[in-house]
Every structure is written in C-alpha cells, then in structure tokens.
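Q: Here's the letter readout for the chains.
Number of protein chains: 2
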Amino acid sequence: MATAPSEGVVVVGAGLAGSLAALFLRRRGDDVTLMDLRSDPRAAAAVAASAATDGGLSLLANASKRSINLALSSRGLRALRKLGLADEVLRDAVIMRGRMIHAPNGRTELQPYGTTDEEVLNSVSREAINRFLLERLSAPPEAGEGRVELCFKHKVVGLGKDGSLTVLDTADGGAPARTVRPRFIIGADGSFSVVRRELSKLCRLSLRHEYIEHGYLELSIPARPAGGRYGNGFALEPHALHIWPRHDFMLIALPNRDGSFTGTLFASWTLLEQLEDPAVGLPFFREHFADALAVMPDLAQELTANPRGALATVRCDPWHAAGRVLLIGDAAHAVVPFYGQGMNAAFEDCLALDQALDEARHNVPKAIASFYTARKPACDALADLSLQNYVEMRSKTASRLFVLKNSLDAALHRWVPSWQPSLHTAVTFSPMPYHVAKARCEWQDSLLGTAFHVSCALVGIAGVALALKTSGASARLGAHA
Amino acid sequence: MATAPSEGVVVVGAGLAGSLAALFLRRRGDDVTLMDLRSDPRAAAAVAASAATDGGLSLLANASKRSINLALSSRGLRALRKLGLADEVLRDAVIMRGRMIHAPNGRTELQPYGTTDEEVLNSVSREAINRFLLERLSAPPEAGEGRVELCFKHKVVGLGKDGSLTVLDTADGGAPARTVRPRFIIGADGSFSVVRRELSKLCRLSLRHEYIEHGYLELSIPARPAGGRYGNGFALEPHALHIWPRHDFMLIALPNRDGSFTGTLFASWTLLEQLEDPAVGLPFFREHFADALAVMPDLAQELTANPRGALATVRCDPWHAAGRVLLIGDAAHAVVPFYGQGMNAAFEDCLALDQALDEARHNVPKAIASFYTARKPACDALADLSLQNYVEMRSKTASRLFVLKNSLDAALHRWVPSWQPSLHTAVTFSPMPYHVAKARCEWQDSLLGTAFHVSCALVGIAGVALALKTSGASARLGAHA
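Those protein sequences? They're chains A and B, same order as listed. Each residue of the first sequence is one higher than the one before, starting from 1 at the first, in the UniProt record's numbering. Each residue of the second sequence is one higher than the one before, starting from 1 at the first, in the UniProt record's numbering.
Some clues are possibly wrong.
Beta-carbon label-pair distances, calculated as ranges [unchecked claim]:
| hint | chain 1 | residue 1 | chain 2 | residue 2 | range |
| --- | --- | --- | --- | --- | --- |
| 1 | A | Asp-162 | B | Ala-310 | 18 to 24 Å |
| 2 | A | Gly-449 | B | Val-403 | 43 to 49 Å |
| 3 | B | Ala-103 | A | Lys-201 | 28 to 34 Å |
| 4 | B | Glu-359 | A | Asp-277 | 31 to 37 Å |
In silico DSS-like links for lysine-lysine, alpha-carbon gap of 25 Å or less [claimed, not checked]:
| hint | chain 1 | residue 1 | chain 2 | residue 2 |
| --- | --- | --- | --- | --- |
| 5 | B | Lys-82 | A | Lys-396 |
| 6 | B | Lys-201 | A | Lys-153 |
| 7 | A | Lys-201 | A | Lys-82 |
| 8 | A | Lys-161 | B | Lys-161 |
| 9 | B | Lys-469 | A | Lys-155 |
FYI, nobody ran anything at the bench for these hints, they're computed from the structure. No residue lacks a Cβ here, since even glycine has one placed at the ideal position from N, Cα and C.
With the hints as constraints, model all of the structure from the sequences given.
A: Below is the structure:
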C-alpha cells in the first residue's frame with residue numbers, strides 16, 4: 001500500500017465477491033484498497049494461456065480446486081446490470097435453457113428451466129469473470145468515482161479491537177507489517193477467511209464449517225473439430241446443463257465458449273479414491289456414463305491425475321463487528337454448489353450492501369447492521385436449499401413424478417400468477433429472498449399435499465356413495481324381483 | 001526444546017488435559033515434550049499468591065476468563081486414580097454432597113446427589129490441579145518412565161502433511177522456528193486450538209464452534225472470621241453446590257478450601273452488561289438474590305470490574321489425521337459448564353487413550369482410530385446434555401416435579417438395580433459412556449411416561465366400570481323399588 005487509507009475502504013480478497021464489491025464502492029466515491037494473498041490472477045492467466053496448448057489451462061484451474069465454470073443466473077446478473085457490466089459478461093457466456101437428463105440407457109430428455117428468455121442459466125468461466133472485474137478496477141476512475149489500489153501478495157495478519165488492520169506485503173521480503181485503520185473493512189476472502197478468523201478474536205463469532213461426505217472431480221469433454229451435429233465443435237447439446245443422475249453419485253457438464261464442456265463427477269470420497277485406478281474407473285464409466293465416456297478421450301489420465309475437491313457449507317454469526325468490519329460471499333456463507341447460487345449470492349451481497357449504504361446515507365455501522373439483518377436468514381436458507389438440492393439433482397430429476405410436479409406448478413402459475421412455478425424458479429430466477437422463496441414453496445407444497453388428500457377423500461366418499469346407491473338399487477331391484 | 005524428539009511424543013497445551021495426558025504417556029515409557037504458548041502457570045501463581053492479600057488472586061484468575069473452581073466427579077477421579085494421584089488431589093478439595101437450592105424468599109433446601117460417599121462432587125481449584133500436575137511432571141521419572149521436557153512460551157506455527165510440527169520459541173527473540181517430527185502429537189490446546197486449526201489444513205475437518213446467548217460473571221463470597229454457623233469461616237453451608245435458580249438467569253456458588261465461595265452469575269449478555277451499573281446491579285441482587293447479597297461485600301465493585309466470560313460448544317470431526325495427530329479435551333469437544341463435566345471428560349480422554357494404546361499394543365494409528373470411535377459419540381452426547389442442563393439448573397431444580405421424579409427414579413433403582421437413579425447420576429457418577437447414559441435415561445423416561453399414561457387409562461376405565469356398576473345397581477334397585 002502506498003499510503004494508509006485511514007478514510008478509505010479495504011476489501012480483503014480479490015475473488016468474485018471482493019472485486020465486485022470494490023467496483024460498487026468505487027462507484028460510490030470511496031477510495032478502495034483491494035488486497036489479496038495470492039498473486040494477480042491476470043498474470044497467472046497469461047502463464048496458463050501460453051500453457052493451454054498442452055492442456056495446461058484445465059490442470060492449472062483444477063490445481064486451485066475451484067470449479068472452472070459457474071452458472072450465472074438472474075440474481076448475479078441484477079448486480080452486474082446495476083454497474084452496466086451484464087452485457088459484457090454475457091457476451092462470453094453460453095446460455096443453458098434447461099437440464100439435459102441422461103438416462104443410463106443413453107436416452108436424453110431436455111427439461112426447460114422456464115418459458116422466457118430470462119429464465120435461463122449462463123455458463124461462465126470463473127477465471128474470465130474474475131479477470132474482467134479486475135480489469136475494470138484497473139481502469140481509470142470516471143468522474144465522481146473513488147480511486148482503487150490493487151495490492152496482491154498482501155497478507156492480513158491481525159485485526160485490532162478498534163478496527164485497525166495489520167497487513168504484510170509478502171512480495172517485499174524485508175518489509176515489516178503495517179497497520180492501517182480504514183473506515184470500512186470488507187472480508188471477501190472465501191471459505192477459509194482470515195478476516196473471519198481475526199474477527200472471531202474480537203467478538204463471539206459462532207462458526208459452522210461443515211463438509212459433506214461427497215467430493216468432486218473435474219473431467220474434460222474437449223471440443224471436436226468444428227461442425228458436427230451441434231456446431232462449433234460441441235460434442236453435446238451446448239445450450240443445456242447436462243446431468244447424469246445416478247442416485248448415489250452424479251455427473252454434470254457445463255458448456256464452455258470454446259466448444260468444450262467441463263464435466264464434474266460428484267461422489268463419495270471412497271468412490272472418488274477407487275476411481276483413481278483406471279482399471280476401476282473406465283469400467284465404472286462404461287457402466288454408468290457410456291454416452292459421456294464416448295466424448296471423454298482423456299478420461300483415464302484425468303481420473304488418476306486430477307485433484308479431488310471438497311464440498312463444505314460455512315455458516316457464521318455474526319458477520320460483522322466494531323461497526324466497520326463485514327464478511328461477504330463465501331467468507332460469510334459458503335454453500336455446496338448444487339443450486340449454482342454461490343457466485344450469484346455473493347454478487348447479490350454486493351448489490352444489497354450498495355443499497356444498504358444508500359438507505360443508511362453512507363453511515364457504515366447502520367448499513368452493516370441492516371445488511372446483516374436482511375442477508376443472514378436468506379443465506380442460511382440458501383445453505384439448506386443447496387444441501388437439499390444435491391439429493392434432488394442426483395435422484396429426483398430422473399423421476400417422472402418430479403417432471404409431473406413441475407408441470408402442475410407451471411400450470412397453476414398460469415392460472416394464479418402469484419403461484420411459484422417451482423422452488424428452482426423462485427431461487428434461480430426471482431429476486432425473492434432465498435428464505436422467502438423456500439417458505440413460500442414449502443407452503444405451496446403443503447397446500448398441494450392437502451388438496452391431493454382432500455381429492456382422494458372426496459373420490460373415496462363419492463365411490464362409497466355410488467356403491468351404496470348401486471347396492472340400494474340392487475336391493476330394491478331384488479325386492480321387486 | 002533441547003533436541004528434536006523424532007521418536008518422542010509432543011503434547012501441545014499444558015492445561016489440565018495436556019498435563020494429565022503427558023503423565024499417562026510418561027508412565028508408558030514415552031519421552032514427552034509438553035509445550036504451551038503461555039508462560040509457566042506455577043511462576044504466575046507465585047506472583048498471584050503474593051498479590052492475594054489485596055484480592056489479587058481472584059482478579060488474576062478472572063482475567064484469564066476461566067472459571068476458578070471446578071467440580072471433580074467420578075470420571076475424572078477414575079483417571080487420576082489410575083496414576084495414583086486421586087487422594088492427593090482430593091486432599092485439597094471440598095466435598096459437595098448435593099445441590100442447595102435457594103428460593104427467592106431465602107428458603108434453602110438440600111437435594112442430595114446420591115446416597116453413598118462416592119456420589120458427591122469435589123470442588124477443586126483449576127489452578128491448583130494444574131500446578132499439581134505440572135509439579136508431578138517436573139519430578140524425576142521413576143523406573144521405566146519416559147523423560148519429560150516442559151517448554152513454555154512455545155508457539156505452534158505449522159503442521160506438515162507428514163505429521164511434522166513447526167514450533168517457535170517465543171521466549172528466544174531471534175530464534176527461527178524449528179521443525180520436529182514426533183511419533184505422536186496430541187493437541188490439548190483448548191477451545192481455540194491451534195493444532196486443530198492446523199489440522200484443518202491437512203484434512204476435511206468439520207467444525208462447529210457455537211456460543212450460547214448467555215455469558216457468565218464470577219463474583220466472590222469471601223471467608224468470614226473463623227467460626228460461625230458453618231465453621232472454618234464459610235458463610236454458607238460448605239458441603240453443597242449452591243444454586244439460585246431464577247429461570248432466565250441463575251447464580252451458583254462453589255466452596256473453596258479457604259472458607260470462601262466462588263459465585264458465578266449466568267445470564268443473557270444484555271443483562272450482564274446492564275449490571276455493570278451498580279445502580280442497576282445492587283437492586284437486581286436485592287430483588288433476586290437477597291441472601292447471597294448479604295455475603296457479598298465486594299459485589300458493587302465486582303459487578304463493574306470483573307470481566308464477563310463467553311460460553312461455547314466445540315464439535316469437530318474428525319479429531320485426528322495422518323495417524324499421528326490427535327485432539328483431546330476442549331480442543332476436540334469443549335462444552336458449556338452446566339454438567340460440570342468439561343474437566344472430567346478431558347481426564348476421561350486421557351484414561352481412554354491410555355487404554356486404547358494398551359489394546360493397540362502401542363500402535364499409535366490404531367489406538368487413535370479406536371479412541372476416536374469410542375469417544376466421539378460420547379462427547380457429542382455430553383455437548384447436548386450440557387446445553388440441556390442449563391435449562392434444568394435454571395428452572396427444573398426449583399420445581400416440586402423435578403424432586404418427585406428424582407425420588408421416583410431413586411425408588412425404582414432400589415427395586416431394579418439396573419434402573420438409573422437419574423440422568424445426573426449416570427452422567428456424573430457412573431463410568432457409562434455419556435451417549436449410553438443419555439439413551440438409557442431417555443428410554444427410562446419414555447417408559448415412565450407410558451406407564452403413567454397406562455395408569456391414567458386404567459384408573460379411568462376402572463372409574464367408568466365402577467360408575468356403570470353403580471348405575472346398574474341403582475337401576476336394579478329402582479326396578480325392585
């Protein structure tokens with residue numbers, strides 16, 4: 001840091017949440033210091049791009065154990081739109097109009113996400129968006145905007161009771177740690193947040209950091225020579241999120257702009273370890289994912305070499321302290337990826353914080369408090385929904401009943417517009433807070449359940465009445481016989 | 001550390017769990033390095049003792065925010081007995097034969113914990129036990145015992161994937177960090193365990209560190225001039241754990257050898273803050289704890305000056321990694337203090353680990369795995385029981401129904417010896433694993449509940465039968481009239 005930003009804002013973590021938060025703050029006129037422990041990902045990307053010819057990109061991306069593509073949906077887009085960035089991001093995305101369910105026998109079925117052009121997911125590259133946001137931050141500020149300083153290889157080593165931050169410039173070997181006291185500190189440094197750890201020394205911060213029993217493994221479906229059935233080298237239908245639901249495990253694949261897909265196998269750790277042996281892995285794929293195997297030429301090598309990633313939920317309480325330190329994104333509420341809402345919720349945080357600062361007229365402590373009150377129940381609900389949706393994706397998407405239920409909800413939505421077409425639609429395509437969407441759809445489902453039981457009872461009563469009438473008639477007939 | 005104990009055992013944390021674990025390991029013939037971030041508490045105690053004349057001791061103890069006395073019960077004693085230390089520890093304890101319940105009107109009632117001399121709690125000083133265990137570790141080893149090295153002011157800074165430990169001697173300013181690779185590393189470094197934090201970088205360690213909404217404040221009941229009603233200067237009955245249950249908050253007091261008591265007020269953080277003002281605090285005590293107020297001459301000053309402590313539960317999973325690193329005590333399973341089992345469970349860990357090492361014939365990875373399998377469900381149950389018991393202590397101990405239920409259980413225990421006299425007895429005085437005690441008493445309670453309902457039903461049926469008989473008789477009488 002060139003100067004101690006005593007009146008500025010420090011954002012820790014230059015990932016997706018931190019970069020977007022910095023853009024929102026700059027736009028408010030705040031001077032922002034965005035710092036990150038890692039080196040500039042744009043420099044790393046340049047290295048990767050030159051290595052991409054020998055498959056370096058996917059290995060590099062895997063090495064960070066973060067999924068290389070993500071599903072951007074309307075919550076994330078709303079935040080980007082506020083800054084006028086949505087169109088540019090979408091230009092690099094691949095639209096996914098629905099789930100393409102792959103049955104074990106190879107049969108496929110597209111389940112559209114919705115009926116409008118808005119109700120689609122957008123497959124985007126995590127690295128590309130991150131790079132894009134950092135580029136924007138590096139551009140000179142427009143009139144009224146604050147200045148931005150990017151500080152990579154900077155490590156947070158302490159947080160004082162007065163909200164002061166002690167930081168070490170790890171690129172400068174001999175430099176001692178420096179202490180600054182910004183007006184506002186945002187911890188956007190991910191699941192293993194150091195800001196959160198330091199915050200827990202200042203207040204009674206309850207934390208739950210919980211792994212699930214399953215992990216994931218990324219696998220590639222490379223682009224084919226241009227042309228072919230789907231055009232542009234895509235080996236599968238490009239405008240879909242492909243799912244191979246197999247109950248105990250599942251494979252998914254998201255399209256990339258270059259014609260490739262990134263496949264992700266979610267399975268128990270035991271299974272993921274067994275598959276390291278190609279003598280186990282290849283027959284396993286042949287049995288369960290024959291159509292995917294046909295488009296995965298590097299599978300044997302990837303099963304052995306690609307790192308496995310863990311899946312965890314982070315819940316903490318509170319997200320803030322001292323009226324000036326606030327956690328956002330994964331640092332506050334990391335979720336398992338099964339609703340595709342991690343990035344979207346982080347972007348929604350940035351938008352909500354901007355609105356809270358508006359409403360509080362730049363009063364940081366007030367804005368932090370109202371932001372937390374609004375976002376905490378929403379993100380708690382998202383954590384639950386994301387865990388539940390793993391079961392849904394692995395099992396229910398393959399069932400007739402699931403499709404029937406969705407059709408019924410869609411039909412009701414046409415008659416009663418306030419009826420939610422489905423929980424997935426409310427979570428993915430509405431601006432409704434996650435907990436409101438969850439409560440509403442649970443209520444709708446219980447209403448449908450009651451209606452079903454009442455209908456059954458009425459049919460039963462009608463049946464009995466008819467039977468009685470018939471037997472009465474027979475008796476009368478008998479009497480007359 | 002003088003030498004890298006490449007074949008020895010390192011215990012991190014020289015508190016109660018770590019010191020006792022080190023004694024068990026030394027007895028097995030292991031060379032043990034016991035290290036702690038803090039300075040030697042025996043040196044600190046010497047300072048405190050000299051300051052005790054002006055009330056320095058209690059302030060010093062409070063400053064560490066750890067309760068200064070604890071209730072040692074049979075699980076803890078069993079571990080101490082295995083090392084031949086129980087008698088010496090008990091010599092400094094004050095026996096508590098039951099709960100002394102103080103009603104709002106000043107009436108007191110003793111509820112005995114049990115019927116035998118074994119079924120008592122022992123009020124001991126945390127500091128005194130810790131000092132005693134460290135003294136024992138400092139004594140020269142007996143034949144067959146390993147050597148012990150005590151390393152205070154040593155900070156763990158890293159844990160390698162291979163189970164190597166990097167440690168910094170903070171007393172030696174310029175010394176670089178040193179890396180050792182012990183055969184076995186025990187993390188006994190408390191709720192905020194650094195070993196646990198480092199372990200979470202090696203494996204998928206799920207952690208829940210959760211505070212409750214209430215905190216505590218220690219208050220003193222000083223000894224009176226020798227003599228008086230209870231003798232030895234005690235201002236209250238010495239052989240009891242005093243409880244002032246007031247539903248939303250409670251006061252307890254444990255006796256000390258010197259005739260004083262240590263009082264602890266448990267209440268919501270809001271209330272604890274309000275009481276800082278003596279104009280609020282004194283009237284509050286006058287209203288709710290009049291008899292306690294009468295024996296608390298320093299209350300006004302203590303309400304303002306004494307620090308408040310937080311109460312949290314730590315659950316994590318797993319407790320071990322790499323076949324050589326293991327968490328015990330609070331580092332693995334800190335609990336809220338309402339069952340008085342924190343220290344007892346930690347001591348039971350040490351005994352269980354010793355037995356697991358016996359059974360595994362010194363095979364550390366095998367012993368660690370079987371220790372974890374046995375202890376994890378027990379300590380999970382203890383965490384739940386300790387949270388539940390706060391409600392019980394605050395509310396139920398004051399109710400007639402609670403006393404009646406305990407009497408019923410005690411009576412059943414006389415008839416059916418396998419019947420547990422009460423959950424409290426099973427947890428506090430039996431060697432039964434906590435989860436077994438919990439499940440058993442839940443089963444007993446459901447059986448009693450069923451018996452109660454069946455009895456009610458039988459009485460009802462008998463009543464109806466009698467009524468019918470009577471009316472039948474009347475009818476017959478009527479017919480004869």
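Q: Next, verify each hint and record whether it holds.
A: Outcome of the hint check:
The hint said 18 to 24 Å for the Cβ distance between Asp-162 of chain A and Ala-310 of chain B, and at roughly 20 Å that hint holds. In this structure, Gly-449 of chain A and Val-403 of chain B meet the distance hint of 43 to 49 Å, their C-beta atoms being roughly 45 Å apart. Checked against the given bound of 28 to 34 Å, the beta carbons of Ala-103 of chain B and Lys-201 of chain A, roughly 41 Å apart, lie outside it. At roughly 33 Å, the beta carbons of Glu-359 of chain B and Asp-277 of chain A sit within the given window of 31 to 37 Å.
Annotation: proposed proximity of Lys-82 of chain B to Lys-396 of chain A is violated, straight-line Cα distance about 56 Å (limit 25 Å). Restraint check for Lys-201 of chain B and Lys-153 of chain A: the C-alpha separation of about 20 Å stays at or below 25 Å, so the hint holds. Pair hint Lys-201 of chain A plus Lys-82 of chain A does not hold up; C-alpha atoms about 36 Å apart against a cutoff of 25 Å. Between Lys-161 of chain A and Lys-161 of chain B the alpha-carbon distance is near 34 Å, which puts this suggested pair outside the 25 Å criterion.
As the CA atoms of Lys-469 of chain B and Lys-155 of chain A are separated by approximately 88 Å, the hinted pair breaks the 25 Å bound.
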